[in-house]
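**Student:** Sequence:
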Amino acid sequence: MATKLYVGNLAFHATRAQVRELFSQAGEIIEVDLITDRYTGTPKGFAFVEMASEAEAQEAIQRFNGYSFNNRALMVREARPRAEWTGGGYSRTIKRF
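Residue numbers for the sequence shown, in our numbering: 1 to 97.
Among these hints, one or two may not hold up.
Derived CB-CB ranges, DEER-like [claimed, not checked]:
| # | residue 1 | residue 2 | range |
| --- | --- | --- | --- |
| 1 | GLU59 | ASP37 | 27 to 35 angstroms |
| 2 | MET1 | TYR39 | 31 to 39 angstroms |
| 3 | ASN9 | ARG82 | 15 to 23 angstroms |
| 4 | SER53 | GLU21 | 13 to 21 angstroms |
| 5 | GLU21 | ALA83 | 29 to 37 angstroms |
| 6 | ALA17 | ALA83 | 28 to 36 angstroms |
| 7 | LYS44 | TYR67 | 18 to 26 angstroms |
Everything labelled a hint here was simulated from the structure, so no lab data went into it. Here a beta-carbon is modelled for each residue, glycine too, at the ideal position from N, C-alpha and C.
Whole structure, please, built from the sequences with the hints as guidance.
**Tutor:** The structure is reproduced here in structure tokens:
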């Protein structure tokens, strides 16, 4: 079963191909998703890498967490599912009585 990894502290000039090349040293890559700002298109400094198996994902975590890539220490861990947004919160309108 495929396992998705969170890769943080990427250099802003890192490319999808560079991340794929690095993580392929730990095993088969299913997908690399380099996260960019939706308005400017500039990278946000993190990515998600989907590895083909749990064992390969654990190998990548052990090998690359703290690894210096483009002069930055990577932070690699298993990705967590996004918390579901409930739409709660407060109204931003001012009520005057």
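**Student:** Would you mind marking each hint as holding or not holding in the structure?
**Tutor:** Here is what the structure says about each hint:
no.	hint	in the structure
1	GLU59 <-> ASP37: 27 to 35 angstroms	holds, 31 angstroms
2	MET1 <-> TYR39: 31 to 39 angstroms	holds, 35 angstroms
3	ASN9 <-> ARG82: 15 to 23 angstroms	holds, 20 angstroms
4	SER53 <-> GLU21: 13 to 21 angstroms	holds, 19 angstroms
5	GLU21 <-> ALA83: 29 to 37 angstroms	holds, 32 angstroms
6	ALA17 <-> ALA83: 28 to 36 angstroms	holds, 31 angstroms
7	LYS44 <-> TYR67: 18 to 26 angstroms	holds, 20 angstroms
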